[in-house]
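Asks: Each chain, written out:
There are 2 protein chains.
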Amino acid sequence: MNRTHTSGQLNEQHIGESVQLIGWVQKRRDLGGLIFVDVRDRSGLVQVVFNPEISETAIQVAEKLRNEYIIQVKGTVIARAENQVNPNIPSGAIEIHAQEIEIINEAKTPPFAIENNTDAGEDVRLKYRYLDLRRPAMYDTFKMRSDITKTVRRFLDDEGFLEVETPILTKSTPEGARDYLVPSRVHNGEFYALPQSPQLFKQLLMVGGFERYYQIARCFRDEDLRADRQPEFTQIDMEMSFLSMDEILEMNERMMKKIMKEVKGIDVTIPFARMDYDEAMARYGSDKPDVRFGLELVDLSETVKDSAFKVFASAVETGGQVKAINVKGAAANYSRKDIDALGEFASVYGAKGLAWLKVDEEGLKGPIAKFFEGEAASSLIQTLEASAGDLLLFVADKKSVVADALGALRLKLGKDLGLIDENSFEFLWVVNWPLFEYDEKEGRYYAAHHPFTRPFDEDLSLMDTDPSKVRAQAYDLVLNGYELGGGSLRIYSREVQEKMFEILGFSEEEAKAQFGFLMEAFEYGTPPHGGVAFGLDRVVMLLSGSTNLRDTIAFPKTASASDLLTQAPSPVAQAQLEELNLKISNTQ
Amino acid sequence: MNRTHTSGQLNEQHIGESVQLIGWVQKRRDLGGLIFVDVRDRSGLVQVVFNPEISETAIQVAEKLRNEYIIQVKGTVIARAENQVNPNIPSGAIEIHAQEIEIINEAKTPPFAIENNTDAGEDVRLKYRYLDLRRPAMYDTFKMRSDITKTVRRFLDDEGFLEVETPILTKSTPEGARDYLVPSRVHNGEFYALPQSPQLFKQLLMVGGFERYYQIARCFRDEDLRADRQPEFTQIDMEMSFLSMDEILEMNERMMKKIMKEVKGIDVTIPFARMDYDEAMARYGSDKPDVRFGLELVDLSETVKDSAFKVFASAVETGGQVKAINVKGAAANYSRKDIDALGEFASVYGAKGLAWLKVDEEGLKGPIAKFFEGEAASSLIQTLEASAGDLLLFVADKKSVVADALGALRLKLGKDLGLIDENSFEFLWVVNWPLFEYDEKEGRYYAAHHPFTRPFDEDLSLMDTDPSKVRAQAYDLVLNGYELGGGSLRIYSREVQEKMFEILGFSEEEAKAQFGFLMEAFEYGTPPHGGVAFGLDRVVMLLSGSTNLRDTIAFPKTASASDLLTQAPSPVAQAQLEELNLKISNTQ
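Chains as they are written, first to last, in our numbering: chain A, 1 to 588; chain B, 1 to 588.
Please note that the accuracy of each hint is not assured.
Cut-off 25 Å, straight-line C-alpha distance, at most; resulting in silico cross-link-like pairs (BS3-like, lysine-lysine) [claimed, not checked]:
1) B:K150 / A:K150
2) B:K261 / A:K150
3) A:K27 / A:K127
4) B:K499 / A:K150
5) A:K108 / B:K499
6) A:K365 / A:K352
7) B:K150 / B:K258
8) B:K150 / A:K264
9) B:K365 / B:K412
10) A:K257 / B:K150
11) A:K150 / B:K257
Hints listed in this document are in silico derivations from the structure and should not be mistaken for laboratory results.
Kindly generate the complete structure, drawing on both the sequences and the hints.
Replies: Written as structure tokens, this is what we have:
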């Protein structure tokens with residue numbers, strides 16, 4: 001079996017050459033005694049023409065061809081007539097006049113057409129994933145994924161990183177998301193856990209003097225799935241010793257720049273912008289702001305704290321906020337009904353209401369305009385830089401609801417109004433995170449990143465007095481409103497790590513049982529270190545322009561964590577369970 | 001924090017330069033009012049000298065230093081006196097005269113010294129793996145491992161392969177080794193399995209038109225462990241469409257050649273030798289022969305079938321074999337006691353006895369010499385190309401025992417007698433394998449490789465008549481007596497695959513339940529395809545000259561599949577089990 005060229009490779013330069021191809025029948029048309037067959041391989045398409053005057057034998061075989069048959073063809077490259085040139089494919093100016101053909105394998109009619117634009121449901125596509133993967137757009141995505149990891153690896157190799165594999169069979173830890181468990185046969189009643197990240201192992205490699213580690217690492221979380229979650233996902237994972245936060249960010253900026261150049265052909269400017277967490281929340285209502293457009297949140301709490309509109313005044317009085325978005329020039333485009341729909345949207349994020357005003361030449365209009373007259377109106381207009389034709393949208397609530405609701409509304413309006421340049425890639429570091437988040441319901445602190453994040457040195461004393469004020473040496477990289485990943489400098493002293501677990505509510509025994517080995521390691525000459533992890537699946541999704549994370553994973557799981565192709569998970573033999581000394585207590 | 005150089009980088013060329021280093025204290029010596037400190041980082045060692053005449057402050061700090069402290073040092077590179085040059089390290093001709101020092105982190109006394117030659121037990125090394133990894137020899141191994149995967153990836157990238165990740169949460173299949181199971185929380189009573197290899201997925205990628213796939217893939221087997229087995233291991237895994245076996249072997253030879261060149265600096269000759277499975281078994285008693293030395297097995301069955309020595313004659317008569325090794329010139333070195341010890345050794349492999357003869361100027365000597373006189377003696381001597389001083393060792397038994405016992409004995413003698421050039425790397429393809437192995441105890445056929453291996457076209461009809469005669473289009477790559485891996489062309493027709501499962505004893509329903517999706521895939525235009533998988537851990541072990549597979553894995557498990565560092569596996573919370581609806585039926 002042999003090919004001299006691939007389908008996608010052929011063009012005018014090959015005219016007159018004798019070529020041999022192998023590929024799939026994309027389409028067959030019979031026309032005027034000739035048979036035209038588009039032959040597809042992973043590189044593209046080329047048209048092959050069977051003509052009884054060239055070979056009677058060949059056209060007889062061609063008559064049997066159906067879609068997705070695999071054929072081997074030998075023929076000559078001929079220029080197409082000018083009116084038959086197809087400008088949409090690289091081989092569109094030529095065709096192959098076939099002398100010989102062999103059918104390598106036959107095919108039943110696929111349940112859906114192998115074309116980029118498919119209306120097949122995702123369940124069918126997942127069940128027949130091997131056919132779905134034949135769609136050229138899918139191949140392109142996985143080619144891009146492979147190119148991204150190639151670029152990452154070459155970059156990190158050149159920077160002196162070692163690729164090290166960390167275990168998949170690890171220890172279950174209580175902090176964080178739910179673990180997938182693996183029962184041990186040798187140690188009955190005990191379990192391994194699949195890692196949520198290689199966090200502890202990469203820190204141990206730093207203790208072990210490796211200085212620079214990376215891995216394209218598989219990670220696992222047994223969580224309820226959403227459109228952008230999978231039970232297993234992949235991290236570009238790295239850790240390094242002796243580097244400052246600035247040095248870590250700078251290196252990762254160069255890596256991202258290289259990916260963008262190699263994979264998208266786009267030159268992005270470095271250094272990337274940096275924004276404090278507090279500023280991101282204030283201006284965009286989000287810790288991963290999409291900075292490709294404005295519509296920023298404006299704080300009116302000071303302006304309206306004595307407002308005649310009691311909803312505003314009392315929100316401020318009870319410790320909340322009043323913030324607004326000025327949708328420039330949109331007043332005429334949004335009817336009362338449209339605005340009601342925006343209110344519905346905001347309520348999903350917890351807002352009890354969405355107040356609004358329109359601005360015209362005479363001043364403010366709308367149901368609450370009566371509360372804003374004279375000085376109150378002009379200070380509103382001034383603070384919001386409003387002018388005639390603007391639509392002003394207000395949320396008055398506690399701080400987190402204001403941020404969530406207006407942040408989400410801002411994104412929706414940005415899309416609806418076409419304010420976003422879909423071809424632009426705006427990277428942003430969000431820095432100066434809080435170390436802890438306080439959970440009011442549970443009355444306890446959680447680690448905003450994870451329990452190994454190093455606090456700022458100058459905030460160490462606050463760990464005893466006011467943990468909520470402690471800032472973390474952590475950083476997230478945001479692209480177009482998506483968190484690509486992030487990292488932190490790590491704690492490398494036993495005392496600080498113990499304090500951390502104490503604040504998180506671990507007893508001394510619990511901390512020791514779960515993380516004693518790490519704290520012990522810190523006592524044997526541990527270098528200052530820090531790291532980064534990026535979500536590869538999400539990077540691929542953003543760079544490929546997809547909105548479905550499953551399109552970036554060759555064999556993904558559904559929202560109920562099933563593989564529709566192989567039918568995993570599935571029942572297992574009773575003998576397998578007996579070997580593990582396990583019983584299913586209550587099958588649903 | 002900043003370093004201008006690394007320790008291993010400094011040499012005579014830097015004399016006179018001011019440098020700044022960060023690293024671990026390898027050793028401190030106080031001598032004549034000076035303090036000498038060896039500073040280690042991952043690149044190597046350099047000697048730093050503290051002199052009160054240069055800095056009183058610095059030497060006061062240096063007085064506190066103990067092994068494994070991390071320090072930052074600033075100083076000047078000075079040539080050592082000629083009689084103090086250390087030729088064993090690259091920086092041995094220079095030393096740093098320190099002006100400033102800062103202690104970055106302190107260290108307790110490690111439980112074992114951080115040196116290449118350690119007498120620490122492996123349990124202690126595994127418990128304190130982060131200290132074990134600081135030993136330069138360990139770092140070198142992982143640097144080599146990283147270099148090997150880098151070389152493999154660059155080679156395969158250049159050959160047009162796509163790196164594709166396949167799932168870790170997959171479906172349990174009954175064939176092969178024992179699966180690790182992962183209970184599903186969403187689908188109670190059902191389980192995922194961790195993959196023993198990406199076999200099915202890589203074939204499905206070929207069905208999906210990817211044409212060339214590779215992955216450095218984690219695989220899992222819940223088997224009883226031996227020195228060269230780990231519960232999780234790594235495969236260099238690839239699959240390709242439309243290539244012949246010769247093309248696959250040729251590409252892999254070029255890949256191996258490149259690895260040897262890049263990692264070991266050795267030029268190996270390609271193409272590698274190829275040997276039929278039958279020949280390997282006949283000449284070496286092994287399907288993975290070490291061909292760096294002779295001591296081949298010689299078949300004497302024909303020669304001795306009518307021998308006066310009944311043990312030989314009856315072995316042949318009952319369908320067995322008589323084979324021998326001629327240990328040239330060894331007669332004088334092996335006493336009767338030594339030979340008895342060899343007999344003990346052979347008995348481990350099932351041999352009921354080890355017959356022997358010595359050759360001297362007069363003929364054969366030894367307890368069975370009396371059975372070989374005249375013609376019988378001379379035909380033995382001739383067949384074995386024996387001459388005075390040779391030791392002849394015989395096993396007479398059924399074929400498999402003869403091969404196992406003499407094959408093992410050959411390896412032992414090769415080592416004991418120093419016949420093996422430890423610096424030579426002899427690659428060998430073993431080809432023309434049988435498709436099936438018949439298990440006499442269970443009275444059934446097993447797949448010699450796996451159930452997806454393609455038989456020779458011309459042997460297809462034998463599947464119905466005599467499966468044991470069917471040859472497989474399979475190949476193993478052997479290096480110095482170790483199987484590095486192998487592969488095969490795959491079945492790509494539903495009919496042949498069904499026949500395969502039938503011979504392996506699957507009912508139609510079982511085959512469909514387990515592998516129905518694959519057989520269905522074959523009906524939609526599947527390309528002829530084949531692949532290879534190499535055991536990365538073993539490749540690293542052989543190229544690094546180690547004999548312990550655990551030294552090639554950063555965080556390995558013990559023989560009872562435990563991680564002594566993190567204490568995995570471990571008990572989990574009752575709540576975790578309840579979420580999975582699992583009960584431990586009988587804790588040991």
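Asks: Now look at each hint and say whether the structure bears it out.
Replies: Hint check results:
Among the hinted pairs, B:K150 with A:K150 is consistent with the structure: their alpha-carbon atoms are about 10 Å apart, no more than 25 Å. At most 25 Å may separate the alpha-carbon atoms for a hinted pair to count; B:K261 and A:K150 meet this at roughly 21 Å. Taking the CA atoms of A:K27 and A:K127, the gap is near 23 Å; set against the 25 Å cutoff, the hint holds. Straight-line distance between C-alpha atoms of B:K499 and A:K150 comes to about 41 Å, which puts the hinted pair past the 25 Å bound.
A hinted pair counts as satisfied when its Cα atoms are at most 25 Å apart, and A:K108 with B:K499 qualifies at roughly 20 Å. The hinted pair formed by A:K365 and A:K352 meets the criterion: a straight-line CA distance of about 21 Å does not exceed 25 Å. Of the pairs offered as hints, the one joining B:K150 and B:K258 holds, with about 11 Å between alpha carbons and a cut-off of 25 Å not exceeded. Proximity of B:K150 to A:K264 is assessed by CA-CA distance (about 23 Å); at most 25 Å being required, the pair is judged to hold.
Annotation: proposed proximity of B:K365 to B:K412 holds, straight-line Cα distance about 23 Å (limit 25 Å). At roughly 22 Å between alpha-carbon atoms, A:K257 and B:K150 fall within 25 Å of each other, so this suggested pair holds. For the hint pairing A:K150 with B:K257, the CA-to-CA distance comes to about 22 Å; that is within 25 Å, so the pair holds.
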